[in-house]
Amino acid sequence: MDPSRDGGFWTVCFGSSERERRAAGWFVAACAAWAAVLLLAAYVLKHQIVVAPAAWAVAAVPALGAIGTVLVFVRFLRDLDELQRGIQLGALAFGFGAMWVAISSYPLFERVGAPAADPEHYVLVMMLAYVIGNVVAWLRYR
Amino acid sequence: MRNRLKVLRAERDWTQGDLARELAVSRQTVNAIETEKYDPSLPLAFKIARVFQLKIEDIFTDEEETKK
Numbered sequence: 029m030d031p032s033r034d035g036g037f038w039t040v041c042f043g044s045s046e047r048e049r050r051a052a053g054w055f056v057a058a059c060a061a062w063a064a065v066l067l068l069a070a071y072v073l074k075h076q077i078v079v080a081p082a083a084w085a086v087a088a089v090p091a092l093g094a095i096g097t098v099l100v101f102v103r104f105l106r107d108l109d110e111l112q113r114g115i116q117l118g119a120l121a122f123g124f125g126a127m128w129v130a131i132s133s134y135p136l137f138e139r140v141g142a143p144a145a146d147p148e149h150y151v152l153v154m155m156l157a158y159v160i161g162n163v164v165a166w167l168r169y170r
Numbered sequence: 027m028r029n030r031l032k033v034l035r036a037e038r039d040w041t042q043g044d045l046a047r048e049l050a051v052s053r054q055t056v057n058a059i060e061t062e063k064y065d066p067s068l069p070l071a072f073k074i075a076r077v078f079q080l081k082i083e084d085i086f087t088d089e090e091e092t093k094k
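Going down the list, the sequences are from chains A and B. Going by the working numbering, the first sequence opens with residue 29, and the numbers climb by one from there. Going by the working numbering, the second sequence opens with residue 27, and the numbers climb by one from there.
Chain A with its partners taken away, still in its complex shape:
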């Protein structure tokens, strides 16, 4: 193990063994592929390049990609060691918790004049909280 990376954010939270690196690589690749398919499908549907029923199939492809990405993430979790798996599950729980708080609370603020939020904003809250969860774990275990 390269000592300069030992204790680094990625090593602490996502591991550094060959197996962990491979699993993380698959996950990153799956995320990138899913994002590309999602953008492509959105472009195709927005510009009405295909019509129904083919448009339904185009709309379904990103959903299948998302399911595949979730399965790759589960595999990635299995390949981590138990502390790193705990860190990831804790960060995920924090992310989902933050999103649940935002979804259940923010509409009330909208009613009293706060700017309207789109679903993507709630997803951003979840992602941000997930990253914060990882950073907190890194500070604790580095």
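By construction, these hints were calculated from the structure, which means they are not laboratory data. Take these hints with a grain of salt, some might be off.
Which stretches of chain A does chain B cover? Using the computed rule of at least three CB atoms under 8 Å from a CB of chain B, they are [claimed, not checked]: (1) 41-49; (2) 62-68; (3) 159-170.
Predicted, not measured: the structure shown is a model, and the values here were computed from it. Ideal placement from N, C-alpha and C gives every residue a C-beta, glycine not left out.
Guided by the hints, dock chain B onto chain A, whose structure is given.
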């Protein structure tokens, strides 16, 4: 939970990295167990006991038990 991991490791002149390799976990996991920030799972505790050729209770002690 208290443990004697650091002492046992030092007796054998092993680094945290050496022990981590024996246990197939990250060095951070060994460090977190030694500093008692993290309690290992039962399978990992058995593995640690096997590596040191000791019983689990010779390495790990229940804090509640030691208070009595």
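Each hint, compared with the structure:
1. Note: the region 41-49 of chain A has 3 residues with beta-carbon separation from chain B under 8 Å; the three-residue rule is met and the coverage holds.
2. Given a C-beta distance limit of less than 8 Å, the hint that chain B covers the region 62-68 of chain A is violated, as 0 residues qualify and 3 are needed.
3. Three residues within the 8 Å Cβ limit are the bar, and the region 159-170 of chain A against chain B gives 3, so the coverage statement holds.
Checked against the numbered hints listed earlier, the structure breaks hint 2 alone; every other hint is satisfied.
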